[in-house]
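Asks: Line by line, the protein sequences are chains B and D.
Numbered as in the numbering used here, the first sequence ends at 114 without a single skipped number.
Numbered as in the numbering used here, the second sequence ends at 224 without a single skipped number.
None of these hints come from the bench; they were simulated from the model.
Backbone N, C-alpha and C fix where the C-beta goes; we use that ideal spot for every residue, glycine too.
A portion of the hints provided could be inaccurate.
Said to hold, decoys possible - Short derived list, chain B residues pointing at chain D, Cβ under 7 Å: (1) GLY42; (2) LEU43; (3) PHE45; (4) LEU90; (5) GLY99; (6) LYS102; (7) PHE105; (8) SER107; (9) GLY108.
Claimed, not checked - Far from chain D, by Cβ distances over 10 Å, these chain B residues were calculated: (10) LEU11; (11) THR14; (12) SER24; (13) ILE26; (14) GLY28; (15) ARG67; (16) SER79; (17) THR80; (18) LEU111.
These are the residues of each chain, in order.
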Amino acid sequence: KAGVTQTPRYLIKTRGQQVTLSCSPISGHRSVSWYQQTPGQGLQFLFEYFSETQRNKGNFPGRFSGRQFSNSRSEMNVSTLELGDSALYLCASSSEGTGTEKLFFGSGTQLSVL
Amino acid sequence: DAKTTQPNSMESNEEEPVHLPCNHSTISGTDYIHWYRQLPSQGPEYVIHGLTSNVNNRMASLAIAEDRKSSTLILHRATLRDAAVYYCILRERRDDKIIFGKGTRLHILP
Chain B
1 KAGVTQTPRY
11 LIKTRGQQVT
21 LSCSPISGHR
31 SVSWYQQTPG
41 QGLQFLFEYF
51 SETQRNKGNF
61 PGRFSGRQFS
71 NSRSEMNVST
81 LELGDSALYL
91 CASSSEGTGT
101 EKLFFGSGTQ
111 LSVL
Chain D
115 DAKTTQPNSM
125 ESNEEEPVHL
135 PCNHSTISGT
145 DYIHWYRQLP
155 SQGPEYVIHG
165 LTSNVNNRMA
175 SLAIAEDRKS
185 STLILHRATL
195 RDAAVYYCIL
205 RERRDDKIIF
215 GKGTRLHILP
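Same shape as in the complex, but just chain D (with noise of 0.2 Å):
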C-alpha cells in the first residue's frame, strides 16, 4: 500500500499563502493524490484530488511534482477556518483501500 509522509504540523498567519507539503515516494502510475481536512469534531472533508497536472479549485490548488512523488496543497488565504488536520492520501483508480497518514495540523496565527 502506498503511503504518504507529511509534517506533523504548520503554522502560518491569517490572510497569507499557505503551502503543505506531501511526500509519496511510492507512488503508482495509477494513484490519485487526494487531500482532505478534519476540523474538530467533524468527519474529514475533501479538499481537492489530482492525477498528474496541478488542479484549481474555489478552496484551493494541489501542485503535483512532475515525477509525482511529491506535491503541495495550497491555501491561497488562509483563514481562522482553515484551521484543520490535512490529509494527503493516494487512491488506486479502481480500488479503494485508503490508507491515511498522521496528516499535518495546521495552526493559522490572527
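Isolated chain B, as found in the complex (with noise of 0.2 Å):
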C-alpha cells in the first residue's frame, strides 16, 4: 500500500501571494488532517476533513483553508502569504479519525515565504 503523498516537497513564495499544497491519503482512509510545524511553535493542529466535510478546526486565521475531494484526496490553501507562513506543512491520514486508531504522516511540504 502507497503512504500518505504530499506535493510539492518544497516551495519558495513571496510575501501576498497564495499558495495551494496537495495530500492524498492511504488508499480507503477517509479522514486527513493537516498540521503546521514551526520550530518556535513545534506541530500544531490546523483542520481535519473526513468524507469531505471539515470536521475540526484549530486556531489559525481565515487565510488557511482546505477542501477535500470525493477519492479523500485533500488541499490546504495559504491566501496572502506572511513571512511567518514558513513551515513544514504535514498531512495525516487515517481509515476514521478516531482516536482509537493510528495516524500515517506524509513527508510534508517545506513552505518558505520570502
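Taking the hints as your guide, dock the two standalone chains into a single complex.
Replies: Shown next, in the form of C-alpha cells:
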C-alpha cells in the first residue's frame, strides 16, 4: 500500500501570494488532517476533513483553508502569505479519524515565504 | 483540550532500555494515549497507543499508570536509529482535534 503523499516537497513563495498544497491519503482512508510545524511553535493542528466535510479546526486565521475531494484527496490553501507562514506543512490520514486508530503522516511540504 | 507534559530532552546509551515519561493529568475517560516519533526531515511516525492496559508491539511498550494521569514509553534496546523527537498525545475516541506538545528529543550515545 502506498503511503501518504504530499506535493510539492518544497515551495518558495513571496509575501502576498497564495499557495495550494496537496495531500493524497492512504487508499481507503477517509480522514485527512493538516498540521503546521515551526521551530518555535512545534506541531500545530490546522484542520481535519472526513468524507469531504471539515470536522475540526485549530486556531488559525481564515487565510488558511482546505477542502477534501470525493476520492479523499485533500488540499490546503493559504492566501495572502506572510513571512510567518514559512513552515513544514504535514498531512496525516486515518481510516475513520478516531482516537482508536493510528495516524499515518506524509513527509510534508516545506514552504518558504520570502 | 487535554495536554501532555514531557521532558525536553533525554539521553541514553545504545543497546540499553529507554523510559520516556509523559504526564497527562487532565486526561478524560475516553482519551487514548498515543506516541509518535519524528526523525529529521520526516513526518511523525506512529509508535504505539493504548487506553488503560499496558501495550506491547514490535517497536516499544507502553506502560499506563493505574490512574491514567501518566504513561511511559519503553524502548527495550535503543539503537542509533531511535534518535528522534518523541511525542505523547491524547486523542479522543470520537473526535480528532489533536494537540501536540513539544515532545522529548532523545539522544542515543554510541
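Asks: Look at each hint and say if it fits the structure.
Replies: Hint-by-hint comparison with the structure:
Taking 7 Å as the C-beta contact cut-off toward chain D, the hint placing GLY42/B at the interface holds, the least distance being around 5 Å. Interface restraint check: LEU43/B against chain D, minimum CB-CB distance 4 Å, threshold 7 Å, status holds. Below 7 Å, beta-carbon pairs count as interface contacts, and PHE45/B has one with chain D at about 5 Å; its hint therefore holds. Restraint check, LEU90/B versus chain D: the minimum CB separation of about 5 Å is within 7 Å; hint holds.
Against a cut-off of 7 Å between C-beta atoms, the interface hint on GLY99/B holds, since the closest Cβ of chain D lies about 3 Å away. Hint on LYS102/B holds. Least Cβ distance to chain D is approximately 4 Å, under the 7 Å limit. A hinted interface residue such as PHE105/B counts as satisfied when its beta carbon comes closer than 7 Å to some beta carbon of chain D; here the least separation is about 3 Å, so the hint holds. Contact between SER107/B and chain D, as hinted, is supported at the beta carbon level, the nearest pair being about 5 Å apart and thus within 7 Å.
A distance limit of 7 Å between C-beta atoms decides the matter here; for GLY108/B the minimum to chain D is near 5 Å, and the interface restraint holds. Distance check for LEU11/B against chain D: the nearest CB is about 16 Å away, which clears 10 Å, and the non-interface claim stands. No Cβ of chain D approaches the Cβ of THR14/B within 10 Å, the least distance being about 24 Å, so the stated non-interface status holds. At roughly 14 Å, the least C-beta separation between SER24/B and chain D is larger than 10 Å, which holds for a residue marked as non-interface.
Interface exclusion of ILE26/B from chain D stands, the closest Cβ pair being 12 Å apart, more than 10 Å. At roughly 17 Å from the closest C-beta of chain D, the C-beta of GLY28/B stays outside 10 Å, upholding its exclusion from the interface. Distance check for ARG67/B against chain D: the nearest CB is about 17 Å away, which clears 10 Å, and the non-interface claim stands. With a minimum CB-CB distance of about 23 Å to chain D, SER79/B clears the 10 Å threshold, and the non-interface call stands.
Taking the minimum C-beta to C-beta distance to chain D, about 25 Å, the non-interface status of THR80/B holds against the 10 Å cut. Annotated as non-interface, LEU111/B keeps its C-beta farther than 10 Å from every C-beta of chain D; the closest such distance is 15 Å.
Checked against the numbered hints given earlier, this structure breaks none of them.
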